[in-house]
Amino acid sequence: MAKVEFRHVVKRFGDVEVIPDLNLTIEDGEFVALLGPSGCGKSTSLFILAGIYLPSGGELLFDGRVVNEVEAKDRNVGIVFQSYALYPHMTVRDNVLFPLRFKRMPREEALARVAAAGNLVQVTELLDRRPGELSGGQQQRVALARALVKEPQLLLLDEPLSNLDATLRLTMRTEIKSLQKKLGVTTVLVTHDQIEATTMADRIICLRAGRIEQIGQPDDLYRRPQSLFIAGFIGSPPINMISGEARDGVMCVGSVVFPFEGAPGAVTVGLRPEHLRFTGSGLSGRIAQLEPMGREILYVVDTVAGYLRVLEHGSIAAHAVGEPVRIGFSPDDSLVFDTACQTLVAAARVGPPA
Amino acid sequence: MAAPLTFNGIHSSPTAPVDWDRMAARARSMRRSKAVALYAFLIAVSLPIILPYFWLVTIAFSARTGVADTVVLWRSVAVLAPAVIAFWLAAVLARNRRQLWLGLTAIALAATAAFAWLVGPDLHLRNFIFLVEPDFASVVRSRVGAVHGAIQFPSVWRAFGNSLLIAGSQTIVVLTVASLAAYYLSRFQFPARAAMLRSLLILHAFPVLTLIVPMFLMLYWIGLLDTLFGVICVLVAFELPFAIFIMKGFFDAVPWDIEMSALTDGASRRQAFLLVVLPQVRNGLLAVAVFTFIRGWEEYIFVFTFLIRNTNWTMSLYMYYVRDDVMGVDYGVVSAVGVFYLVPSLILYVAAQRYLMQMSIGGVKG
Numbered sequence: 001m002a003k004v005e006f007r008h009v010v011k012r013f014g015d016v017e018v019i020p021d022l023n024l025t026i027e028d029g030e031f032v033a034l035l036g037p038s039g040c041g042k043s044t045s046l047f048i049l050a051g052i053y054l055p056s057g058g059e060l061l062f063d064g065r066v067v068n069e070v071e072a073k074d075r076n077v078g079i080v081f082q083s084y085a086l087y088p089h090m091t092v093r094d095n096v097l098f099p100l101r102f103k104r105m106p107r108e109e110a111l112a113r114v115a116a117a118g119n120l121v122q123v124t125e126l127l128d129r130r131p132g133e134l135s136g137g138q139q140q141r142v143a144l145a146r147a148l149v150k151e152p153q154l155l156l157l158d159e160p161l162s163n164l165d166a167t168l169r170l171t172m173r174t175e176i177k178s179l180q181k182k183l184g185v186t187t188v189l190v191t192h193d194q195i196e197a198t199t200m201a202d203r204i205i206c207l208r209a210g211r212i213e214q215i216g217q218p219d220d221l222y223r224r225p226q227s228l229f230i231a232g233f234i235g236s237p238p239i240n241m242i243s244g245e246a247r248d249g250v251m252c253v254g255s256v257v258f259p260f261e262g263a264p265g266a267v268t269v270g271l272r273p274e275h276l277r278f279t280g281s282g283l284s285g286r287i288a289q290l291e292p293m294g295r296e297i298l299y300v301v302d303t304v305a306g307y308l309r310v311l312e313h314g315s316i317a318a319h320a321v322g323e324p325v326r327i328g329f330s331p332d333d334s335l336v337f338d339t340a341c342q343t344l345v346a347a348a349r350v351g352p353p354a
Numbered sequence: 001m002a003a004p005l006t007f008n009g010i011h012s013s014p015t016a017p018v019d020w021d022r023m024a025a026r027a028r029s030m031r032r033s034k035a036v037a038l039y040a041f042l043i044a045v046s047l048p049i050i051l052p053y054f055w056l057v058t059i060a061f062s063a064r065t066g067v068a069d070t071v072v073l074w075r076s077v078a079v080l081a082p083a084v085i086a087f088w089l090a091a092v093l094a095r096n097r098r099q100l101w102l103g104l105t106a107i108a109l110a111a112t113a114a115f116a117w118l119v120g121p122d123l124h125l126r127n128f129i130f131l132v133e134p135d136f137a138s139v140v141r142s143r144v145g146a147v148h149g150a151i152q153f154p155s156v157w158r159a160f161g162n163s164l165l166i167a168g169s170q171t172i173v174v175l176t177v178a179s180l181a182a183y184y185l186s187r188f189q190f191p192a193r194a195a196m197l198r199s200l201l202i203l204h205a206f207p208v209l210t211l212i213v214p215m216f217l218m219l220y221w222i223g224l225l226d227t228l229f230g231v232i233c234v235l236v237a238f239e240l241p242f243a244i245f246i247m248k249g250f251f252d253a254v255p256w257d258i259e260m261s262a263l264t265d266g267a268s269r270r271q272a273f274l275l276v277v278l279p280q281v282r283n284g285l286l287a288v289a290v291f292t293f294i295r296g297w298e299e300y301i302f303v304f305t306f307l308i309r310n311t312n313w314t315m316s317l318y319m320y321y322v323r324d325d326v327m328g329v330d331y332g333v334v335s336a337v338g339v340f341y342l343v344p345s346l347i348l349y350v351a352a353q354r355y356l357m358q359m360s361i362g363g364v365k366g
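Line by line, the protein sequences give chains A and B. Here our numbering is used: position 157 in the first sequence is 157, and no number is missing along the way. Here our numbering is used: position 177 in the second sequence is 177, and no number is missing along the way.
Calculated from the structure, these hints are not laboratory results. Here a beta-carbon is modelled for each residue, glycine too, at the ideal position from N, C-alpha and C. Don't take every hint at face value.
Sample of chain A residues at the chain B side, in silico, Cβ under 8 Å [unchecked claim]:
| id | residue |
| --- | --- |
| 1 | Ile79 |
| 2 | Phe81 |
| 3 | Ser83 |
Estimated spans, in silico, between C-beta atoms of each pair [what the hints assert, rightly or not]:
| id | chain 1 | residue 1 | chain 2 | residue 2 | range |
| --- | --- | --- | --- | --- | --- |
| 4 | A | Glu274 | B | Met23 | 55 to 61 Å |
| 5 | B | Tyr184 | A | Leu61 | 29 to 35 Å |
| 6 | A | Asp15 | B | Met30 | 57 to 63 Å |
Bound conformation, chain A alone (with noise of 0.2 Å):
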């Protein structure tokens, strides 16, 4: 187990810089997931930890050591790709024999370790078959017996779900987060599925264009996000942004004047579906679309604002399409950006028009 540091690590391909300066700290035994949408950086900075890649400058270090220049098949970290990799010409225990094989190990402790790893991901009966014969997720917990197998100080985890079906997808994240605490393993879960992240990881990273763009719980980067894009990229069905005029304690959106509190100047408002109801007063419109969520109903409502998200709890449609609505909100759940720096302004309210 390991206590992860990035230090002003840069990454060049050529002239393309992929990760500019990048800070960062994962504590011993921490499940953290790295966010973002693809061409991140996420994935280089994997394989950075992995050892695949060399950054082109800074320091990354392994429980205060820098581990730089250590080579992949030295550092001790178990990876599970995207694909699973698995090795389709060796059989399962083959697979997971695979990283004992360079160690110097009796043949009865690494098939005893084999078969412990395989018990332990439920993959035991499946040991003589070849990947090629599994289906995806029996791949999947291989893939993982293989990662786990060699007890690495460090697990890597490339968007291991992605390719899975939706109902395997849970199951599967529920097993991955137990294994985790029950071994303790500092692991770090790279994503772009922000579901994913939210589930699992104790702490998420958002990355965009190489950069931190916020660090924190999953609850933190879903209730106050510090920017607009994450924001726009934390949350489904996706959060409703009002572009406006702020002056003089009122908000204007085209002739719609909604109450203001804060600082003047263009802003952007940010309301998360289910914050929105339908109510007696506030912003009118028209509902344009019913999406039935089976739980929820997404309306879909034409504004003079745009199209708005509105989620409501239950499964009979109260409301039909073209029929006129008011959208109202309480304040608190307002999240005001500065439309010029994108950040959240922490401060600001903003309230339904009357």
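Dock chain B against the given chain A, drawing on the hints supplied.
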């Protein structure tokens, strides 16, 4: 009233009802005539290859010294052609597996009996005398009274061994060098990589015959003229570019993930290559091995130019001189040498066929 619109947006006349049956019949006959045309084409293009082989094998087992006898050829055609047609008809007409097997067995039995009766008495192995008698040329000539002037032939097994040595060592060297080079080309960035790939193909574009004279002189200066080693070097040099290109395609198809995974699992680069990457390109290695071996086995131009002593003869040279010496007297022996010459390639192809079918240029499995 507007005419109804079809989904293509074309106006169809409401007065002409669609005759579905006629259209179906037309489609059926189209399909059938296409199938017939395809078979006719395949037969037409394969006949010029099949007929000489048929001639070669039949003559090798039946021709007699000094006798130009074509009757046996016609007799075997008379047996084989109806048998093939009957096999085909049985396959088309059989309604189930049992009928098919019954039909095929009956035809096979009838054909064998007819063959034994019509062709059997003419078959013999005397044309294969060269396998046991190095001076067979004199023997064959003496049968027709021409005793003098036969070429001194080495034992055919000597030539066979030489061919095996050339083809085998060429295969081993090409496989080793090509897989390493192709792996490097596939995985690593280095200056002039693209130029190198392009030049690999260009190297293959020139007719090798143009290089015969300079290569002859070079081998002479180095002192490798008339040695098997010299020929092997030349053949390897000419085979490598294409082999590297093919192998690069196979390596390109191996995902990076697997290799990275091996590296993080504690393997060194060399171990990752040997234990994880190489097994993924097994089919490519087999295909390149088979083609390289056969290329070396059938090699003629270089061995003809660079090998002089008759103890250095390969099978192709042996074949050439047999034809030179006894063709006018006995083409049965020439055919027999031909049959003996093609047996190893045939065995190799049959054994490796399963893997060759999976190969295509660029290594994408079909």
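Quick rundown of the hints versus the structure:
1. Given the 8 Å rule on beta carbons, the hint for isoleucine 79 of chain A holds: about 5 Å separates it from the nearest Cβ of chain B.
2. At its closest, the beta carbon of phenylalanine 81 of chain A sits 5 Å from a beta carbon of chain B; the interface hint therefore holds under the 8 Å criterion.
3. Nearest Cβ of chain B to the Cβ of serine 83 of chain A: about 5 Å, under the 8 Å cut. The hint holds.
4. Against the hinted window of 55 to 61 Å, the Cβ-Cβ separation of glutamate 274 of chain A and methionine 23 of chain B comes to about 57 Å, which satisfies the hint.
5. As the Cβ distance of tyrosine 184 of chain B to leucine 61 of chain A is approximately 33 Å, the hint placing it in 29 to 35 Å holds.
6. Between aspartate 15 of chain A and methionine 30 of chain B the CB atoms are about 58 Å apart, so this pair conforms to the stated range of 57 to 63 Å.
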